[in-house]
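Given next are the chains, with one letter for each unit.
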Amino acid sequence: MLRNTILAATGAAMTAFAAHAEPVEITWWHAMGGQLGETVNEIAKGFNESQDAYQITPVYKGGYEDTLTATIAAFRAGEQPNVVQVFDAGAATIIGAKGAVVPAEDLIQEAGVAFDANDYIDGVRYFYADSDGKMIGMPFNSSTPILYYNVEALEAAGVEPPKTWEEFEAIAPQIKEAGYTPLAQSHLPWIFTENFMSRHNIPFATNANGFEGVAGTEILPETAAIEAHFDKLAAWNEAGLFGFYGAAWGANQTPFENGEVAMWLGSSGSFGGLRNAVDFPFSATYLPYWEGVTESPTNTFIGGAALFAMAGHPEEENTATAEFFKYLSSPDVQLMWHQQTGYVPITKAAYEKAQEIGYYDEVPQAEVGIQQLSLPGGAWSKGYRMGFYVQIRDVMNREYAQVINGEKSAAEAFEVIKAEGNKLLDRFAKTMN
Amino acid sequence: MKKAQFNSRWMPYALLMPQMAIIGIFFLWPAAEAIRSSFYLEDPFFGTGTFVGFENYSNVLTDPNYRRSAVFTAAFTLTVVFVSLGLGLLFAVSADRVLRGQQTYKTLLMWVYAIAPPVAGLIGVMLFDQHIGPLTDAAAAIGWNLQIGVDYWDTAVAITVVSAWKQIPYNFIFFLSALQSIPSSVKEAAAIDCRSETRRFWTVTFPLLAPMTFFLMILNTTYALFETFGTVDLMVQDQPGNSPVTLVYKVYRDGFRGNDLGGSAAQSVILMVLVLVLTIAQFRLIERRVHYS
Amino acid sequence: MTRVRLTDHLVLILGVLLMMGPLVVAFLTSTHDHVEIHREGMQFTLGAEFAETYATVLTREGGFTGEITGLLMTQNSLILGIGFAVGKIVISMLAAYAIVYYRFPLGTFFFWVIFSTLLLPLEVRILPSYEVAQQLGLLNSYTGLIVPLIASATGTFFFRQFFKSVPDELLEAARIDGAGPVRFFFEILVPLSRTMIAAIFIIMFVVGWNQYLWPTIMTTEEQYFTLVRGIKNVMQQMIGADIPFYNEALAMAVLAMLPPAVVILVFQRMFIKGLVEQEK
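Residue numbers (our numbering), protein chains in the order written: chain A, 9 to 441; chain B, 3 to 295; chain C, 48 to 327.
Incorrect hints may have been included.
To be verified - Straight-line Cα separation of at most 20 angstroms, SDA-like style, residue types lysine to any residue; simulated pairs:
| id | chain 1 | residue 1 | chain 2 | residue 2 |
| --- | --- | --- | --- | --- |
| 1 | A | Lys438 | A | Glu428 |
| 2 | A | Lys416 | B | Glu289 |
| 3 | A | Lys431 | A | Val222 |
| 4 | A | Lys438 | B | Ser60 |
| 5 | A | Lys426 | A | Gln410 |
| 6 | A | Lys416 | B | Tyr154 |
| 7 | A | Lys334 | A | Gln63 |
| 8 | A | Lys53 | C | Ala226 |
Treat the hints as calculated values from the structure; they're not laboratory data. Predicted model only: the values in this text are computed from it and were never measured.
All chains, please: the whole structure from these sequences, using the hints.
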C-alpha cells in the first residue's frame with residue numbers, strides 16, 4: 009500500500025516536470041521460441057536503449073498459428089498489438105482484410121522517416137508487397153530454398169554439384185554407386201512448387217500470382233513443366249535416386265545429417281543447425297533448374313514471416329512503430345540478426361556490411377541464399393498471394409506423396425490440386441466481400 | 003430413475019446456476035456464434051463476408067477426403083476406446099487385488115497422466131522417428147519397415163498407440179476409484195459364494211462396474227474424437243500430407259491454422275450433432291440396462 | 048490364491064513398464080547434450096549433463112522482462128491446476144446433485160446441455176470466447192484463466208453417475224433422521240463421494256496444470272507464463288535456425304511432473320478400501 013502511494017507520488021512528480029519525456033509504449037507479438045526468442049528480446053532491448061522516446065515490449069504468443077489467432081481475436085475486441093509477426097502462408101489473410109493493417113511503407117512515410125524500397129533485396133521486398141510493389145509487411149525472418157551437399161559424398165562419386173536437373177540426372181547414378189541416396193528435400197510445396205515456378209519464371213496463379221486481387225484467381229494455369237518434374241521425381245524415387253521421407257521437414261533433413269543422403273534441398277537458414285549437427289564438410293549452391301524449360305533461370309523468393317503494423321492505434325504509437333521498423337532495417341541490426349539466426353539480411357546495405365567484415369569467408373554457405381535472391385527477377389518470381397493457402401499446401405502435400413509413391417500420375421495429381429485449390433481460392437474470395 | 007428425491011421449486015435451479023451461468027457465457031454463446039458462422043464465409047478480422055447457406059456443409063459432405071478421414075476416425079476411435087479401457091480395467095483390477103506394493107503401483111500408473119500433451123507428442127515422435135527412433139529399430143528387428151509420415155498405415159498405428167497410451171491412466175484412476183468404493187462386505191460375500199476368481203470377477207465385480215464402464219466408454223469416445231488432435235498434429239509434425247487424420251484434426255487445421263472459420267464451423271456442427279445423437283441413443287439403449295446399486 | 052497374486056504382480060509390472068518406460072527414457076535423454084539427442088535420438092543411458100541442464104532450467108530468468116523463472120511458472124501452473132480442479136468439483140457436484148436428487152421438468156435437458164460442452168473444442172469457439180472474456184474485463188487475470196475453462200461436463204457426468212449408484216435407503220434413512228437436502232448433501236453424500244472426488248481432483252488438476260491455448264491467447268503479460276508454455280517455448284524452433292534444446296524441454300517436462308505426483312500421493316489416501324462401510 010505504502011509502496012504504491014510512494015510510486016504514485018513519484019510518478020505524478022515525474023510527469024509534472026517531464027511530461028514530454030514519458031516514452032510512447034508499443035507492443036510486438038511474435039512467434040519466435042527458443043534461442044530465436046532471445047534474439048528477438050535482444051533486438052527490442054537494443055531499440056529501447058537506442059533512444060528515449062519509445063518503448064517496445066515483445067510478447068511471445070506461441071507458434072505462428074497461435075499468434076495469428078490471438079491477433080485476430082484481439083483485433084475483433086480492439087486489443088490488438090502494434091506489431092505482429094505473420095507467416096508467409098497467412099499473409100493473404102491479414103493483407104486481404106482491408107483496414108486491419110497499415111502498410112509498412114505508408115506508416116514509415118507518414119511518420120516522416122526516410123524510406124526507399126530499393127534499399128531492400130529484390131527477392132525479399134516483393135513477397136509482402138502489393139501489386140504496385142508497395143511494401144505492406146516488413147520482411148522479418150526470411151529464408152529461401154537452396155541445395156546443400158555433402159562434399160565427401162560428391163568427391164567419392166567424382167562429381168560436381170549440379171546446376172541443372174539435367175546435370176543431376178546425369179550424375180545421380182554415380183552418387184548412388186558411391187553408396188548414397190543422391191537427393192532429398194524438406195518441403196515440396198515451398199521448394200518444388202512455389203520456388204520451382206519462380207526459378208523458371210512460370211505463372212503460379214492468374215491475376216499476377218494472385219497479387220492483383222482475390223476474385224477469379226486460379227492456381228497453376230501452366231502445369232507442363234511442373235508435371236514433368238514430378239513424374240521425374242517419382243521415377244527417381246523408384247530408381248533410388250531420390251529419397252522421400254514424408255511431408256515433415258525434419259524427417260527429410262536427418263538422413264542428410266546422418267550422411268545417408270548426399271544432397272538436400274532445405275532453407276538458406278539451415279546452415280547454422282547443420283554445422284552443429286554434421287561431422288562432414290558440406291557446402292551449398294543454388295536451387296537447380298531445368299535447362300530444357302528455361303535457359304535464363306530467375307531468382308527464388310522468401311519464406312518465413314513478416315512484421316505487420318496493426319491499424320487502430322494513435323498516431324504517436326504508429327510513429328513509434330515506424331521508428332522501430334527503421335531500427336530493425338538498419339545494417340547493424342540486420343547483420344546481427346543474419347549472423348545469429350541464419351536468416352537472410354533484408355537490405356542491400358546489411359549484405360554489403362557482412363561482405364565487408366568478411367563474414368562469408370568464414371561461412372560461405374551463409375551467402376548462397378542472398379545471392380540466389382539477388383539473381384535477375386522475372387514477371388513471376390515475386391512471390392504469390394493466395395488465401396486459404398495453408399489448406400492448398402495440405403492438398404499439394406497429400407497429392408505429391410501419392411505421385412512419388414507411384415499411386416497416381418503427376419497429371420492426375422495436378423488435376424486434383426487445381427480443382428481443390430481453385431475451389432479454396434473461390435471460397436476465400438467470398439470471405440473478402 | 004431414482005425413487006427417493008427432494009421436491010423444491012427453486013432449489014435445483016439454484017444448484018445448477020453456477021454451472022449453467024458459466025456454460026451459458028463461455029460455451030453456449032460462443033457455440034451459437036460458431037453455428038452462425040457455419041453459414042457464412044467470413045473475413046476473420048472483421049467478421050464480414052458472404053452468407054452462403056448450406057454451402058459449407060455440402061462442401062464438406064461431398065469431399066471424398068472427408069469420407070476417408072471419417073472412416074479412419076471411426077476405426078481410430080473404436081481402437082483407442084477399446085485398448086485404453088481394456089488396459090485401464092486390467093491394471094485397476096490387479097492393483098485393487100494386490101496388497102504388497104499397492105501404493106507404488108497405483109502412484110506410478112496414475113502419474114503418467116500428469117505428462118503435458120506436447121511432451122507426450124514429442125516423446126511419441128522421438129520413439130517413432132523414421133531414422134533414429136527406438137521403436138522403429140525394434141520394428142525393423144522383426145522385419146517391419148516402420149515409416150511414420152510416409153506409410154499411411156504405419157502412421158495410423160503410431161497415432162493410435164500414442165493416443166491410447168495417454169488415456170490408460172485416466173481409465174485406471176476411475177476404475178480403481180469404482181473398485182475401491184465397492185463395500186468389502188460385498189467382496190467377502192462373493193468370495194465365499196464363488197471360489198473361482200475369474201468367475202467372481204465376471205459375475206459380481208464387473209456388473210458393479212458396469213455403470214462406470216458405460217460412462218467411461220462415452221467419455222473415452224469424446225476423448226478419442228475431440229481431444230486427440232494435438233497428438234495427431236505432433237505425430238505428423240505439423241504436415242498432415244498423405245497421413246491419416248481425424249475429423250477434429252481437420253476442424254482444427256482448417257479453422258485454427260487455415261482461418262477458414264465457416265468451413266471449420268460447419269465441420270464442427272456436423273460432428274457435434276452426430277455425436278450428440280449417437281450418445282443420446284446409447285443412453286436410451288444402455289443406461290436402462292446397467293445396474294445401479 | 049498365491050498364483051493369482053503373482054499374475055497380478057506380473058500384470059502390474061508390465062503395466063508400469065508400458066506406462067513409465069517412455070518417461071524414464073525421456074528422463075535419461077534429458078541428461079544428454081541437445082546435439083547428441085538431435086543426432087542419435089532417444090538415449091537409454093544416464094548422460095553427463097544432468098546437473099547442468101536441470102540447474103539451467105530451474106534458475107534461468109527468461110523472457111523480455113527476465114521475470115519468467117521456474118518458480119513463477121510453477122506457481123502459475125499450480126494456481127491454474129488447483130483453481131480449475133476445485134472450481135470444477137464444486138460446481139459439478141452441485142449440478143449433479145440437482146439433476147439426480149430433484150424432480151424438475153428441465154433436468155434431462157440441462158444434463159444434455161452440460162454434456163454438449165464436450166463436443167466443441169475450444170479452438171473452434173476461441174474468437175467469441177476471447178470477446179466475452181475481454182468484455183468482462185478478464186484478460187490478464189487468474190479469474191479469466193480459470194473460470195471459462197471450468198464450463199465443461201466431465202465432473203457433472205461422473206458425479207451424476209456416482210450419485211445414482213448411491214442406495215435410495217440412505218436418503219430415506221436420512222429423512223427419518225430429519226435431515227434436509229443440505230445436511231444430506233454435506234453429511235452423507237460428500238463423505239461417500241470421497242474416492243470420486245479424489246479421482247476427479249487428480250484428473251482435473253492435471254488438465255488445469257497442462258492448459259496451453261487459452262492462457263496463451265488471453266494473457267499478454269509474462270507474469271502469467273506457465274510451465275507448459277515454457278516447454279513449448281523451448282521446443283519450438285523455426286526451420287533451419289538451430290537445433291532445439293531437446294534436453295531442456297525434456298528436463299522441464301520431467302520437473303513439471305513432480306507437483307502432480309504430490310497431488311496424486313495426497314489424494315490417493317482417499318482411495319482407501321472399506322471406507323464406504325465405515326461411513327455407513
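Report task. Could you tell me which of the hints above the structure violates, numbers in ascending order? Result -> Hints 2, 8 not satisfied by this model.
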